[in-house]
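Starting from the two chains in their separate frames, assemble the complex, guided by the hints.
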Amino acid sequence: MSLSLRRKMIPWWFAAPGLVWLIVFFAVPIFNQISVSLMSGDPEVGFELTWSFSTYADAVRDYHTQFLRSIGYAGLATIIDLIIAFPLAYFIAYKAGRFKGLLLLLVILPFFVSQVMRTASWQLILNDQGWAVARMQDLGIVSDGGQFLATGKAVVFGIAYNFLPFMVLPLYATLDRIDRRLIEAASDLYCSRFTAFRKVTLPLAVPGIFAGSLLVFIPACGDYINSSILGSSNTTMIGNVIQSKFLNVLDYPSAAALSFILMGVILLGIALYGRVLGTKNLTELAG
Amino acid sequence: MTTVPETTQHPAATGSVEQRDICLERVHKRYGDHVVIGDLSLDIEQGKFYALLGPSGCGKTTTLRMIGGFELPTSGRVLLAGDDVTQLPPHKREVNTVFQSYALFPHLTVEKNVAFGLERRGVDKHETKKRAKEMLELVQLGHLAKRKPGQLSGGQAQRVALARALVNRPRALLLDEPLGALDLRLRRQLQDELKRIQRDIGITFVHVTHDQEEAMSMADTIAVMNKGAIEQAGSAEDLYERPESPFVANFLGTSNLIPVTVEQGGADEFSTVRTSDGHALRLLRNRMWNLKGEQPVAIGVRPEKVRLWGADQTPPEHDNVLPAKVLQATFLGVSLQYALKTAGGQELTVIEPNLVGNSKGTFGPGQDVQVSWDARQTFVVEGETAGA
Numbered sequence: 289m290s291l292s293l294r295r296k297m298i299p300w301w302f303a304a305p306g307l308v309w310l311i312v313f314f315a316v317p318i319f320n321q322i323s324v325s326l327m328s329g330d331p332e333v334g335f336e337l338t339w340s341f342s343t344y345a346d347a348v349r350d351y352h353t354q355f356l357r358s359i360g361y362a363g364l365a366t367i368i369d370l371i372i373a374f375p376l377a378y379f380i381a382y383k384a385g386r387f388k389g390l391l392l393l394l395v396i397l398p399f400f401v402s403q404v405m406r407t408a409s410w411q412l413i414l415n416d417q418g419w420a421v422a423r424m425q426d427l428g429i430v431s432d433g434g435q436f437l438a439t440g441k442a443v444v445f446g447i448a449y450n451f452l453p454f455m456v457l458p459l460y461a462t463l464d465r466i467d468r469r470l471i472e473a474a475s476d477l478y479c480s481r482f483t484a485f486r487k488v489t490l491p492l493a494v495p496g497i498f499a500g501s502l503l504v505f506i507p508a509c510g511d512y513i514n515s516s517i518l519g520s521s522n523t524t525m526i527g528n529v530i531q532s533k534f535l536n537v538l539d540y541p542s543a544a545a546l547s548f549i550l551m552g553v554i555l556l557g558i559a560l561y562g563r564v565l566g567t568k569n570l571t572e573l574a575g
Numbered sequence: 004m005t006t007v008p009e010t011t012q013h014p015a016a017t018g019s020v021e022q023r024d025i026c027l028e029r030v031h032k033r034y035g036d037h038v039v040i041g042d043l044s045l046d047i048e049q050g051k052f053y054a055l056l057g058p059s060g061c062g063k064t065t066t067l068r069m070i071g072g073f074e075l076p077t078s079g080r081v082l083l084a085g086d087d088v089t090q091l092p093p094h095k096r097e098v099n100t101v102f103q104s105y106a107l108f109p110h111l112t113v114e115k116n117v118a119f120g121l122e123r124r125g126v127d128k129h130e131t132k133k134r135a136k137e138m139l140e141l142v143q144l145g146h147l148a149k150r151k152p153g154q155l156s157g158g159q160a161q162r163v164a165l166a167r168a169l170v171n172r173p174r175a176l177l178l179d180e181p182l183g184a185l186d187l188r189l190r191r192q193l194q195d196e197l198k199r200i201q202r203d204i205g206i207t208f209v210h211v212t213h214d215q216e217e218a219m220s221m222a223d224t225i226a227v228m229n230k231g232a233i234e235q236a237g238s239a240e241d242l243y244e245r246p247e248s249p250f251v252a253n254f255l256g257t258s259n260l261i262p263v264t265v266e267q268g269g270a271d272e273f274s275t276v277r278t279s280d281g282h283a284l285r286l287l288r289n290r291m292w293n294l295k296g297e298q299p300v301a302i303g304v305r306p307e308k309v310r311l312w313g314a315d316q317t318p319p320e321h322d323n324v325l326p327a328k329v330l331q332a333t334f335l336g337v338s339l340q341y342a343l344k345t346a347g348g349q350e351l352t353v354i355e356p357n358l359v360g361n362s363k364g365t366f367g368p369g370q371d372v373q374v375s376w377d378a379r380q381t382f383v384v385e386g387e388t389a390g391a
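Protein sequences, first through last, are from chains A and B. So the first sequence is residues 289 to 575, counted in our numbering. So the second sequence is residues 4 to 391, counted in our numbering.
Just chain B, with the same shape it has in the complex (with noise of 0.2 angstroms):
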């Protein structure tokens, strides 16, 4: 059997905050012609909870194997803190994964699948017993060590499972999908309980998931990945505030976005675009880094961060402004969701908190509005809007 250096300390205990952690070099994963993977990179810093968020068939699963050692890249290089892994098999590897079916021995106690890792390493009895104890009770399951998985509720069966990897105190610790299996109360309870566990332990955490609202509640980093590539990374606020690309700006939340021209910028902060039907917006320049210039562009704004007036109110000075129509109203108790469409055609979504309570000041299906947002909360993404 080979062993895996016992580290006796939690590596975020002894190495330094900014240590990349995980490191994934130009991956590609190809199974025949099917490209899963094409040219993936992404680093990870220790002691970080990192999230892997995209819809089904993203490649964030085969992401995730890949650091694991379940997949090899058809090229590219994993690396472990610092360590070309990509060769190694995942018994070599200081990593732990807890599957997406939990995937716990039916044939031993929940006490021997937490101690299981430790006996391969040939930790000693009483401390294997020992560590095995204690991360039973850390995951509040030290009652049901005797029993068998078969035995288990699915969030009981969740726990054994983030127990058994973390008591091998592994350099991170890979979550493919652990609470997709669950129902949304337990989902949300456990959500906060491995958000502690992390905090508390302090080891990268690396989760896959396809729930965006998992993704922001818990991850220091979301990475959203689409059709096998990371689309964008970043801090919740990051991606929910400033997506980079219509697939983004709608993956996380809904977003309203308007295809435009770009236009000469002016003396302040702000540059102008100009929409099909020719009104000028406007947004903060240094939202426009990334344009490359060639490929169509389309600004956005969230539909919480717009205001409609009435088509005689006068909107605040320097917002963006459209006239548009209401084509529908919807009361949803917390607020009141407006469909519009603009002159030019643009279909809109509006939500407006419910602060008056009543229907006085609220907008029917046909009437003419005007919708306005702060310049500064607009952004700007590239690429076709087609179906976003």
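Here chain A stands alone, though its shape is the one from the complex (with noise of 0.2 angstroms):
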């Protein structure tokens, strides 16, 4: 081998442990799994690889309801997220000074608890007999003698309660980031505090909003947990289909086609959302 050709082989043997990975965990699966959405059969007899699209038609009608609710619930936790941790990782770029380090640790620190436990306790929390509704009865956001858990509200709030660090986080990365100076040269060219902050620190942050509601609205959409402890029969997430088809009624090839549905529709969600806030600036931005 030539050396010019060796010193082009480099990258990709710096590369090849990340592709070796991407292609037996991750493309290796989906191809699997889309042969099995196309199956058919049943647990007893086995799966056949029939090329039946309809499993697909089915899961859509059978399923929309679940679809719209998920990403409804997804998309109101990530705006409930995006208002919580935007003041959040604000403060904590621009005024925490030396404690920065330990509030971010004190963002993450639920993550050292599973998932499950926490999603648990908040159900002990909202019990109806407790305080914490008997509060919200006060503040109207449940109505007298009404409850909480078992209801949409509850699944949102679970949603958004689990997944704000992954908005902090990638917001606080940004804000961060931006050079003070130039909040500096903003108010010298005439800016208040406030114009500011809507000139030039909120388009800069774009990226990482653009990051942080995609960390938080496409895992939300998959989620099952919080539907399944914090919400009803009424409240049950296309995640909670997938499982149960899965897990309980075996029926591969309708999980298989559902889970694809929903890789279908986030792709297309995010591309929308990257068109409204600029695909241009977040390429540019980020680079």
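The set of hints was computed from the structure by calculation and includes no laboratory data. Fair warning: there could be bad hints in the mix.
Computed cross-link-like contacts, BS3-like style, restricted to lysine-lysine with a CA-CA straight-line distance of at most 27 angstroms [claimed, not checked]:
hint, chain 1, residue 1, chain 2, residue 2
1, B, 128, A, 487
2, A, 487, B, 308
3, A, 487, B, 136
4, B, 132, B, 151
5, B, 133, A, 487
Only some residues are given here: those of chain B computed to face chain A with a beta carbon under 7 angstroms [stated by the list, open to error]:
hint, residue
6, 73
7, 123
8, 366
Keep in mind that this is a model prediction, so the values were computed, not measured. Using N, Cα and C, we set each Cβ at its ideal position, and we do this for glycine too.
Listed below in structure tokens is the structure:
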């Protein structure tokens, strides 16, 4: 092998472990599951590849409610997280000083406990006779005598709670990287503090908003833990459907088809979202 | 949003020429126990190019930032055009800044960067576009209007920063080491350009720099700062020919400083001083106006004002003369640089122009010589010369 060829090969050697990983653990399962989704049969006699695209049509027909609900819940939770996380990330980046590291640790600290355990704790806190629900009744968030658990609100709350750090961290990283002198320059050019925020800080935070939203929205769409612990049969999300098809009913083709429809919907959503925020800006700023 | 009154003409075109534009009155700035600026006052006339010159950490940037409103003085007042603006935030001050790092907005095009200030002040769209375009032409960057700052070279970014500030027609432009990040050739070119632009538009420039040559070539007035105070302010010539402190004498160029004691003056325009080893030297009496009489005093002379003579030669009458020994002679092409030591142990530097073109008529190490200079070229500084 000539020296120049060997030189050209070097980057490939570096990439090799990652590529192998992707092929074995991503590409192979994806193609496997695509073929599963096109099979027909039942657990008793086994499944066979019959190119039955009707599984997809049936899935959409039977579960479009759960799809829409998942997207709605995930979208709401993403918006709530954005509203909570932006001021928090801003505070950590600009005002926390030497407590930065500690505050960031606190943000991710809940992750040291299993998600199921954390969500189950909320089940206790939010029980119908509890203090939290009584206060929410006072505030009119929950109707008198009503409950919070087993409602869509509780599921959205649970999702927002569980995925908050995924919003805080990218926002923090983006805000922290903004050159403070740009804010000075803005104030030199007749911006009040608020205008400087609106015209400089916010546009420069767009990549963080985008990244955080994706990191919350995508897993939230497929989430089933919050719905099963904090929700009811009226709050079933598509994740719950997939889980039950796969583990309980053993209808593998439907489970696979639902997963791919969800994937398609999310990809479409991201593309639209990116368009709204300006993909050109995103790629340029990220670079 | 607050609007700053729109000036339709440059202040210089309407105001009186001698008007004080920027004024700091007894300004102090402390961070905790650390004194950054101690009792600093300055007046800057309208339309002048004013340089704050000093080593890093001398407080020059802090001074500029107090004029711009980015730092609040611990005590003292800041006046712009006679109005007390000490407590006003930057966006309410009629000055604009060119930042050392340029601080161009990375998410906006060059054109939008330049238009930013006008848009914030609510200047109408058509006018904004026109003025931004004109300003970009002035700094010769019209062709880059659609670029993003990330796609510019250092010199181009510097020009955009200048245009972005000037387009607002500020009362004064504040420049914080604007050329510091550029290579030497580009720096010289932009110095000329800055000076030209300042002359053309006639507004006050306050320029912070640590480069003495830059300050001397551009500024009408230079304030030399050291340890949070202005050591001396004046024209380049004032500072170079008549420095009043050892710091100024050595920060602008180099000086030979010789500790002396002052004697009674004669009948003519000269006063006499005496070196530690007893040699009498003369200087113009009016150079001694600022001596307070308690601190040690040294006289100084610039290396290029001194001539060398052989021990057997006779220096011009009335010149100040000192015997010395050559320690080292260095051929620099354009000049010859000598390191000398006087009989009293004083080290001197002499720079002679390379007039002869061969080694004849030059002096070598160990040779006894006489140094002489015109007594009128002697200046006097007060204070310790140690380390100077």
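Quick rundown of the hints versus the structure:
1. B:128 with A:487: Holds: residue 128 of chain B and residue 487 of chain A sit about 17 angstroms apart, inside 27 angstroms.
2. A:487 with B:308: violated, 57 angstroms
3. A:487 with B:136: holds, 21 angstroms
4. B:132 with B:151: The given pair, whose Cα atoms are some 17 angstroms apart, holds under the 27 angstroms limit.
5. B:133 with A:487: Satisfied, since the Cα-Cα distance of roughly 22 angstroms is no more than 27 angstroms.
6. 73: holds, 6 angstroms
7. 123: Interface hint status for residue 123 of chain B: holds (4 angstroms vs cutoff 7 angstroms).
8. 366: This interface hint is violated because 54 angstroms lies over the 7 angstroms limit.
Checked against the numbered hints given earlier, the structure breaks hints 2 and 8 and satisfies all the rest.
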